[in-house]
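4 protein chains.
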Amino acid sequence: MQKYQAIREAAYEANMQLPALGLVLFTFGNVSAADRDAGVFAIKPSGVPYAELTPAKMVIVDFDGKVVDGELRPSSDTLTHAVLYKHWKEIGGIVHTHSTYATAWAQSQRSIPIYGTTHADHNTLDIPCAAPMADELIAGDYEYQTGFQIMNTLAEQQLSYQEIEMILVGNHAPFTWGSTPAKAVYNSAVLEEIAKMAYLTESINFRAPRLKDSLIKKHYERKHGPNSYYGQ
Amino acid sequence: MQKYQAIREAAYEANMQLPALGLVLFTFGNVSAADRDAGVFAIKPSGVPYAELTPAKMVIVDFDGKVVDGELRPSSDTLTHAVLYKHWKEIGGIVHTHSTYATAWAQSQRSIPIYGTTHADHNTLDIPCAAPMADELIAGDYEYQTGFQIMNTLAEQQLSYQEIEMILVGNHAPFTWGSTPAKAVYNSAVLEEIAKMAYLTESINFRAPRLKDSLIKKHYERKHGPNSYYGQ
Amino acid sequence: MQKYQAIREAAYEANMQLPALGLVLFTFGNVSAADRDAGVFAIKPSGVPYAELTPAKMVIVDFDGKVVDGELRPSSDTLTHAVLYKHWKEIGGIVHTHSTYATAWAQSQRSIPIYGTTHADHNTLDIPCAAPMADELIAGDYEYQTGFQIMNTLAEQQLSYQEIEMILVGNHAPFTWGSTPAKAVYNSAVLEEIAKMAYLTESINFRAPRLKDSLIKKHYERKHGPNSYYGQ
Amino acid sequence: MQKYQAIREAAYEANMQLPALGLVLFTFGNVSAADRDAGVFAIKPSGVPYAELTPAKMVIVDFDGKVVDGELRPSSDTLTHAVLYKHWKEIGGIVHTHSTYATAWAQSQRSIPIYGTTHADHNTLDIPCAAPMADELIAGDYEYQTGFQIMNTLAEQQLSYQEIEMILVGNHAPFTWGSTPAKAVYNSAVLEEIAKMAYLTESINFRAPRLKDSLIKKHYERKHGPNSYYGQ
Numbered sequence: 001m002q003k004y005q006a007i008r009e010a011a012y013e014a015n016m017q018l019p020a021l022g023l024v025l026f027t028f029g030n031v032s033a034a035d036r037d038a039g040v041f042a043i044k045p046s047g048v049p050y051a052e053l054t055p056a057k058m059v060i061v062d063f064d065g066k067v068v069d070g071e072l073r074p075s076s077d078t079l080t081h082a083v084l085y086k087h088w089k090e091i092g093g094i095v096h097t098h099s100t101y102a103t104a105w106a107q108s109q110r111s112i113p114i115y116g117t118t119h120a121d122h123n124t125l126d127i128p129c130a131a132p133m134a135d136e137l138i139a140g141d142y143e144y145q146t147g148f149q150i151m152n153t154l155a156e157q158q159l160s161y162q163e164i165e166m167i168l169v170g171n172h173a174p175f176t177w178g179s180t181p182a183k184a185v186y187n188s189a190v191l192e193e194i195a196k197m198a199y200l201t202e203s204i205n206f207r208a209p210r211l212k213d214s215l216i217k218k219h220y221e222r223k224h225g226p227n228s229y230y231g232q
Numbered sequence: 001m002q003k004y005q006a007i008r009e010a011a012y013e014a015n016m017q018l019p020a021l022g023l024v025l026f027t028f029g030n031v032s033a034a035d036r037d038a039g040v041f042a043i044k045p046s047g048v049p050y051a052e053l054t055p056a057k058m059v060i061v062d063f064d065g066k067v068v069d070g071e072l073r074p075s076s077d078t079l080t081h082a083v084l085y086k087h088w089k090e091i092g093g094i095v096h097t098h099s100t101y102a103t104a105w106a107q108s109q110r111s112i113p114i115y116g117t118t119h120a121d122h123n124t125l126d127i128p129c130a131a132p133m134a135d136e137l138i139a140g141d142y143e144y145q146t147g148f149q150i151m152n153t154l155a156e157q158q159l160s161y162q163e164i165e166m167i168l169v170g171n172h173a174p175f176t177w178g179s180t181p182a183k184a185v186y187n188s189a190v191l192e193e194i195a196k197m198a199y200l201t202e203s204i205n206f207r208a209p210r211l212k213d214s215l216i217k218k219h220y221e222r223k224h225g226p227n228s229y230y231g232q
Numbered sequence: 001m002q003k004y005q006a007i008r009e010a011a012y013e014a015n016m017q018l019p020a021l022g023l024v025l026f027t028f029g030n031v032s033a034a035d036r037d038a039g040v041f042a043i044k045p046s047g048v049p050y051a052e053l054t055p056a057k058m059v060i061v062d063f064d065g066k067v068v069d070g071e072l073r074p075s076s077d078t079l080t081h082a083v084l085y086k087h088w089k090e091i092g093g094i095v096h097t098h099s100t101y102a103t104a105w106a107q108s109q110r111s112i113p114i115y116g117t118t119h120a121d122h123n124t125l126d127i128p129c130a131a132p133m134a135d136e137l138i139a140g141d142y143e144y145q146t147g148f149q150i151m152n153t154l155a156e157q158q159l160s161y162q163e164i165e166m167i168l169v170g171n172h173a174p175f176t177w178g179s180t181p182a183k184a185v186y187n188s189a190v191l192e193e194i195a196k197m198a199y200l201t202e203s204i205n206f207r208a209p210r211l212k213d214s215l216i217k218k219h220y221e222r223k224h225g226p227n228s229y230y231g232q
Numbered sequence: 001m002q003k004y005q006a007i008r009e010a011a012y013e014a015n016m017q018l019p020a021l022g023l024v025l026f027t028f029g030n031v032s033a034a035d036r037d038a039g040v041f042a043i044k045p046s047g048v049p050y051a052e053l054t055p056a057k058m059v060i061v062d063f064d065g066k067v068v069d070g071e072l073r074p075s076s077d078t079l080t081h082a083v084l085y086k087h088w089k090e091i092g093g094i095v096h097t098h099s100t101y102a103t104a105w106a107q108s109q110r111s112i113p114i115y116g117t118t119h120a121d122h123n124t125l126d127i128p129c130a131a132p133m134a135d136e137l138i139a140g141d142y143e144y145q146t147g148f149q150i151m152n153t154l155a156e157q158q159l160s161y162q163e164i165e166m167i168l169v170g171n172h173a174p175f176t177w178g179s180t181p182a183k184a185v186y187n188s189a190v191l192e193e194i195a196k197m198a199y200l201t202e203s204i205n206f207r208a209p210r211l212k213d214s215l216i217k218k219h220y221e222r223k224h225g226p227n228s229y230y231g232q
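Chains as they are written, first to last, in the UniProt record's numbering: chain A, 1 to 232; chain B, 1 to 232; chain C, 1 to 232; chain D, 1 to 232.
Incorrect hints may have been included.
Between beta-carbon pairs, the in silico distance windows are [unchecked claim]:
#, chain 1, residue 1, chain 2, residue 2, range
1, C, Glu-90, B, Arg-210, 35 to 41 Å
2, C, Gln-232, D, Ser-228, 40 to 46 Å
3, A, Ser-179, D, Lys-3, 56 to 62 Å
In silico negatives: residues of chain D with every beta carbon more than 12 Å from chain C [claimed, not checked]:
#, residue
4, Ala-20
5, Asp-35
6, Tyr-50
7, Thr-54
8, Asp-64
9, Asp-77
10, Thr-103
11, Thr-124
12, Leu-137
13, Glu-143
14, Lys-196
15, Asn-205
16, Gln-232
Calculated from the structure, these hints are not laboratory results.
Cβ atoms here follow ideal geometry from the backbone N, Cα and C, with glycine treated the same way.
Could you put together the complete structure from these sequences and hints?
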């Protein structure tokens, strides 16, 4: 068995879900899977079509972004993944896509307001949109700084990465994460659906109110609270 | 043969239609099928992916919401189904989805105006949007109260559940019903299409008029009136 | 071989194209195929799902709307087809759908402006939207009058049915026709695409100008003029 | 082996990608593949459905638009392809489609603003929209003049065909090109996605700002600059 086989397979399976769920065109996305004991993650190789992926082609990278194993060059977004794994000890998977509706919100530089229970079933807050970085950071170690941009945006809003598992990077596109790569992919699909519904909601009623607090609390807690009764 | 086999299979088949018709993402929906003689209904287990469903996994619940048979936990929306079955003696199936366009109207807190014959072929009225519940009801027995919220909205508009087999729950999502679970699923797909057409109609002409009464009457009656001539 | 076999098969094949092209939900559409020598047409039976259709189930009707052969009830729109076949001697097929974007324009009670060459490749004119009928006509022989409503709208705009093979019936949905049922189905798919593009065009630029005459003429004539050079 | 076999197959494969990628309805598009040594290109025959295409049916044309080999009539847009191959020495493939969102922008007569990194990953500029031609050029050798219209639009904006591999022809539809026919098809799919995202971006925030220069530069250079690190 190849080394790091478990995260290779988890990353492979999760990457293949992106085209299956309609979240990527061509190679516009990537998923990684972390092995906390080994201090590494497996990530999609850069620019390789999904149809050509195999677990063996996943690239193994440590939490400082150094390639540990694999013959291919890792995703160009690898340093963003590395920064988040290094600082967020509990996450096991990260996804980046350019999914259509979430990306349109990112390009609009607006957070996605919480308009309904589909949103509240997953988050209690507007989905934040990180402001574009300062020019000197962009010109420097861009992908590395993107990781800090994400962390800083959560910090400014006093949010933990456990409270909200998705973010829009302004002018760019969404990132999501979770305890496993499969959960992070799930979050990407949910975000895309929430983004589409919010766009339609504003088109139908440009004065649509945010969801009221009691409903946010109820829907979030029935799925995620101490007395949750959703699922098995 | 397993007990309640007929409603298990009817609920299973109807649930499987939701992803086939594009009405659900992941597990965001559920269908139930009632056995009026036995005073119970079969409903989707909570949070189980459609691909893993079987008739045997359906949960049997009575009209007070008590689980009668089945090892899994029923849908978190079970009490809403129970309330409606208990009060509406003629219905045999209920569907809840978060289908994209119908949910966007629900989030917009607007009823869907009757703009054309596609709508009139199924209803003679705007599709009502129930107002969000009072905070104390939300904090209490939420799903149970959602059933009453639906019934009260129809009552306020002097509508019977036979006249209109679909409703939007404000800020939340649609519910539909019918004489059978298959008919209730049909109603969910029709509602989603009507919701999309109404959104586009307002985008194309923000002063689009409601359908006039003579056309509403004609189209509804050719399908549902005493001298109907649609179908076999 | 069954009587009227050729038009039974032509109508069957054309009807089956409607779901394949995404133009119908459930049974919301119908195609007919005419046999000019026999003075009859074959049309979809009313309310029968596409998956259950066969050539033998097509209903044979004369140009006065009288059923000549077949055990099922014909489409509820049969009289509209009959009127058009009776008055338009050169057409061999008619299609009625509730395709999403064309129906939204019909509900908006607006003609579709000619905004580009995709439109001009098929028509030189805005696609007309017939005004809703007078109430007494609706209450009377509605489908029969719909045929005259279509003919009158073309007459008022001094158009022949050869110049434009598609129309929107206001508040209702589109009808298309052509020399064969296959051509009429093609026209329905083209109309749906033109309707979607025109909606998007106005959303992107609400002052988008109509296509200028020289481009209308050029594109139409390269496909349909005496010196056409499109196709084989 | 048939003469010009390599470009016949390349053109065939690339044409078949258009329906697979959802970029064409019926026959509304065409791809060509150039053989620079032989001074010819292979192009789709006019009006032939994609399902009936074969490499042998591709038509071989020289850079003056003269048919060199093949029994079918070439695409009605052949002269546009010929002009571009004649003047742009480095391109190996050209695509023309009427893809929905890109065509809507063309009909709107607006260039597509650069709103995000999905766009900047491929171009550093707004995607230009060529103004409609003068009437006398349209009435004359229309497709030939369309080639010059495209070249002139780039020239006016001081762009080379290597800097930007896509354009909208006002009131008409997009053209894309590239070093190979496969690259040109890729560009058509990317353009369609960019067009859809830009439409949504303006709908969500009608004051959405263009992407700032530092981000344009960074994203373009990480894919295409001298120190690019995208891909293998």
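Consistency of the hints with the structure:
no.	hint	verdict
1	C:Glu-90 <-> B:Arg-210: 35 to 41 Å	holds (38 Å)
2	C:Gln-232 <-> D:Ser-228: 40 to 46 Å	holds (45 Å)
3	A:Ser-179 <-> D:Lys-3: 56 to 62 Å	holds (60 Å)
4	Ala-20	holds (16 Å)
5	Asp-35	holds (24 Å)
6	Tyr-50	holds (14 Å)
7	Thr-54	holds (14 Å)
8	Asp-64	holds (17 Å)
9	Asp-77	violated (10 Å)
10	Thr-103	violated (6 Å)
11	Thr-124	holds (22 Å)
12	Leu-137	violated (9 Å)
13	Glu-143	violated (9 Å)
14	Lys-196	violated (9 Å)
15	Asn-205	holds (14 Å)
16	Gln-232	holds (37 Å)
Comparing the model with each numbered hint stated earlier shows that hints 9, 10, 12, 13, 14 do not hold.
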